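> Residues per chain are reported as follows:
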Amino acid sequence: MIKSEKRVIKEPRRWYELPLSALPYKLSTEYKTGGWRAFRPVVDLNKCVRCMLCWLFCPENAIIWDGKDIKVNYDYCKGCGICANECPVKAINMVPEGGGSS
Amino acid sequence: MSPKVPIEKQIRMALNGDEAVAYAVKQSLVDVVAAYPITPQTIIVEKFSEFVANGEVHTEFVPVESEHSALSAIVGAAAAGARAFTATASQGLALMWEILYIASALRLPMVLAIVNRALSAPINIHCDHSDAMGMRDAGWIQLFVENSQEAYDTTIQAFKISEDPNVLLPVTVNLDGFVLSHTLEDVHMLPDEVVHEFLGGYRRVSKTYVDYLGKEIEVKLDPANPLTFGPLDLYDYYFEHKIPQVEAMKKAKDVVKRVHEEWYELSGRRYGDGVLDAYGVEDADVVVTVLGSTAGTVRYVAKKLRSKGLKVGVVRIRLFRPFPFEEIRKILKGVKVVGVMDRAISFGSYGPSFLEISAALYDLKNRPLLVNYVYGLGGRDVPPVLIERMYQELIGIAKEGEVKEVLRFLGVRG
Chain A
1 MIKSEKRVIK
11 EPRRWYELPL
21 SALPYKLSTE
31 YKTGGWRAFR
41 PVVDLNKCVR
51 CMLCWLFCPE
61 NAIIWDGKDI
71 KVNYDYCKGC
81 GICANECPVK
91 AINMVPEGGG
101 SS
Chain B
1 MSPKVPIEKQ
11 IRMALNGDEA
21 VAYAVKQSLV
31 DVVAAYPITP
41 QTIIVEKFSE
51 FVANGEVHTE
61 FVPVESEHSA
71 LSAIVGAAAA
81 GARAFTATAS
91 QGLALMWEIL
101 YIASALRLPM
111 VLAIVNRALS
121 APINIHCDHS
131 DAMGMRDAGW
141 IQLFVENSQE
151 AYDTTIQAFK
161 ISEDPNVLLP
171 VTVNLDGFVL
181 SHTLEDVHML
191 PDEVVHEFLG
201 GYRRVSKTYV
211 DYLGKEIEVK
221 LDPANPLTFG
231 PLDLYDYYFE
241 HKIPQVEAMK
251 KAKDVVKRVH
261 EEWYELSGRR
271 YGDGVLDAYG
281 VEDADVVVTV
291 LGSTAGTVRY
301 VAKKLRSKGL
311 KVGVVRIRLF
321 RPFPFEEIRK
331 ILKGVKVVGV
341 MDRAISFGSY
351 GPSFLEISAA
361 LYDLKNRPLL
371 VNYVYGLGGR
381 DVPPVLIERM
391 YQELIGIAKE
401 GEVKEVLRFL
411 GVRG
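These protein sequence lines are chains A and B, in that order. Per the numbering used here, residue 1 is the first one in the first sequence, and the count goes up by one each step. Per the numbering used here, residue 1 is the first one in the second sequence, and the count goes up by one each step.
By construction, these hints were calculated from the structure, which means they are not laboratory data. Model, not experiment: these values are computed from the prediction. A hint or two may mislead.
To be verified - Quick list of in silico lysine-lysine cross-link-like pairs, DSS-like style, CA-CA up to 25 Å:
no.	chain 1	residue 1	chain 2	residue 2
1	B	Lys333	B	Lys311
2	A	Lys32	A	Lys78
3	B	Lys404	B	Lys365
4	A	Lys47	A	Lys32
5	B	Lys365	A	Lys26
6	B	Lys242	B	Lys220
7	B	Lys311	B	Lys330
8	B	Lys404	A	Lys26
9	B	Lys399	A	Lys26
10	A	Lys26	B	Lys333
11	B	Lys336	B	Lys404
12	B	Lys399	B	Lys330
Said to hold, decoys possible - Simulated restraints, written as ranges between beta carbons of each label pair:
no.	chain 1	residue 1	chain 2	residue 2	range
13	B	His58	A	Gly81	47 to 55 Å
14	A	Cys48	B	Leu232	33 to 41 Å
15	B	Asp222	A	Glu17	16 to 24 Å
16	A	Glu17	B	Asp254	19 to 27 Å
All residues carry an ideal CB built from backbone N, CA and C; glycine is no exception.
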């Protein structure tokens, strides 16, 4: 497995210091895409039946199962709402980000 | 110098241009071929699929549903570390357009044989260079050949040029549709093992240092060292990623020359210096530049005129991208009139090679007069009589010392 701690990146980088083939010099996991989110999924663990459908359907692998509860990784969740849509017991609510009244 | 493989040790066959390319690919230890048939390229794919069906090659042959997929498939193959090849023509190349830029920007070595054919509309299957000229800014190395023998020689050279660690750019080998692709010719081939040795065996993948892995790794799709090819790259680094392409192109010209010389040592065949193939230019007042198979006809006429004491010459441009600016400047210095023949036109401008040659000669103190002849569009025949008329016109211009009309059309009803 890749250990991203090993990475040493100096910026700005000159063109001849960049890897060949326009390869990204950072791991894709370092680009936090959670900032794209307009709605935040919030899990109601009292309603949740741990069926794992949200975990299965999440296109970003942003649902975390810790063996007991469902959690959302807000660093990468883009707020698409697929989890909320798939949840059979409506345990996930999409809450507006940034100053929403709900 | 006698070649390492003397001509009597070479395999002699009657092949057309397409077959010559197919045999070259067969000998080049190609791992993946993905192609879609289109006239006049069909024979390349047909012949090569025979080799695959007969078990004569180890190649994975992918019959795709379009040229867009053909190039996409070999981009994937090249990214996985394979030696990859495809072939197309005309509309097929037009459909590949989007992927052309991706192949070069990802610095993936591969070879594309283009059997030059006019673009629609109206629909036409015969030769002109409009298809290839449409991709001149796509970051590919473009070689134009004159005959089937050269198509064979150049296809093998193309793999070596493409995979050179200083280059790592995709290469096209352009051969004229029907004029070369469907005309039988005596072709001399080197034995398989000699070609294998020339290419250094199977493709070797270049290495690069990747920060997050903390080591130098081969640039290929490998689960042990995961890489992402071609992700989003905005105003932060896109510009920096374009400069290596510029630099690789600068280095490519010398690699083309070097590989061409290495091939000459093996086979005894060379085409000028590998970049320009000149005839009679040393003392010439009038020189014609041309790409592709027409060079043969022009050379024939030039020889005839020279035997009459007229100082005329020919320069065949073998390498169009990167364009050999210095070589052109050197060879055309001191010439009175240059006739630039183009088998394509940029509407609203001139022929593509005219623009390059104009740019090349601008720095000279005593610039030759330049005339642009657009000829042979849609496969219109270019007989010697037409070329001779052009030379006479150019000799007239040399005497008068002025060009009244820069853009002229050769062999069109007017």
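> Compare the structure with each hint and give your call.
Verification of the hints:
1. A hinted pair counts as satisfied when its Cα atoms are at most 25 Å apart, and B/Lys333 with B/Lys311 qualifies at roughly 15 Å.
2. For the hint pairing A/Lys32 with A/Lys78, the CA-to-CA distance comes to about 10 Å; that is within 25 Å, so the pair holds.
3. Between B/Lys404 and B/Lys365 the CA atoms are separated by roughly 21 Å; this keeps the pair inside 25 Å, and the hint holds.
4. Between A/Lys47 and A/Lys32, the direct Cα distance comes to roughly 29 Å. Violation of the 25 Å bound is thereby established for this hinted pair.
5. Straight-line distance between C-alpha atoms of B/Lys365 and A/Lys26 comes to about 51 Å, which puts the hinted pair past the 25 Å bound.
6. Note on B/Lys242 and B/Lys220: the hinted pairing holds, with a Cα-Cα distance of about 20 Å set against a maximum of 25 Å.
7. Note on B/Lys311 and B/Lys330: the hinted pairing holds, with a Cα-Cα distance of about 18 Å set against a maximum of 25 Å.
8. In summary, the hint linking B/Lys404 to A/Lys26 is not supported, as the alpha carbons are separated by about 59 Å, beyond the 25 Å threshold.
9. Distance hint between B/Lys399 and A/Lys26 is unfulfilled; the C-alpha atoms sit about 65 Å from each other, more than 25 Å.
10. As the CA atoms of A/Lys26 and B/Lys333 are separated by approximately 50 Å, the hinted pair breaks the 25 Å bound.
11. About 15 Å separates the Cα atoms of B/Lys336 and B/Lys404, which keeps this hinted pair within 25 Å; it holds.
12. At most 25 Å may separate the alpha-carbon atoms for a hinted pair to count; B/Lys399 and B/Lys330 meet this at roughly 23 Å.
13. For the pair B/His58 and A/Gly81, the supplied restraint of 47 to 55 Å holds, since their beta-carbon distance comes to about 49 Å.
14. The hint said 33 to 41 Å for the Cβ distance between A/Cys48 and B/Leu232, and at roughly 34 Å that hint holds.
15. For B/Asp222 paired with A/Glu17, a C-beta distance near 23 Å keeps the hint of 16 to 24 Å intact.
16. Taken as a hint, the range 19 to 27 Å holds for the pair A/Glu17 and B/Asp254, whose Cβ atoms sit roughly 24 Å apart.
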